[in-house]
Amino acid sequence: MEDEMDDLDRRLIELFAAEPRIAVLEASRRLGVARGTVQARLDKLESTGVVTGYGPDLSPEALGYPVTAFLTLEIRQEAAAGGGHDAVGAHLAAIPEVLEAHTITGAGDLMARVVARSNTDLQRVIDRVLAAPAITRSSTVIALETQVPYRVLPLVRQAGA
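Counting along the sequence shown from 1, when you hit position 97 you're at 79 in this note's numbering, and nothing is skipped either side.
These are computed hints drawn from the structure, not numbers from a lab. No incorrect hints appear here.
Simulated DEER-style distance windows between Cβ atoms:
no., residue 1, residue 2, range
1, Leu13, Thr118, 49 to 57 Å
2, Glu28, Ile86, 28 to 36 Å
3, Glu(-14), Gln59, 37 to 45 Å
4, Val123, Leu40, 20 to 28 Å
5, Ser29, Leu81, 20 to 28 Å
6, Gln59, Leu81, 21 to 29 Å
7, Leu40, Thr122, 19 to 27 Å
8, Ser120, Gly14, 50 to 58 Å
9, Arg11, Val123, 42 to 50 Å
10, Asp25, Arg99, 39 to 47 Å
11, Ser121, Arg11, 46 to 54 Å
Don't be surprised by glycine CBs; every beta carbon is placed ideally from N, CA and C.
Turn these sequences into a full structure, and let the hints steer you where they fit.
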């Protein structure tokens, strides 16, 4: 998709990122192209996996979870013993406070971003994560402030530049 993305695709993505509830007809008016062109481009961006959704961006802080932490987990690799990335991933997916988890290289096997209502509540979340017998060791880092929030638009702007 990177080679196929042009200026119209980039402008379309930026518009929908800024205003996810904008109608296709209004987007076509603002971009100066036909409604069918906008719809075709959106369909292409969705089918190639560039656009993955239009849902609202949510704030864990506003939902009552102001503490963010990153857990590095070391796990048993033997699936037969209840270990392995998939088993631990399924365990983590069942915990609402786990926002994302990634298999990593380096000192650990998995890294999870979690949220909690307070530092005290973070201990409860960590205990719940560590309830998986396949997790052999963990370390936690608490985020103090977000310097750069999750973002993808700079990549869109750079694509094809």
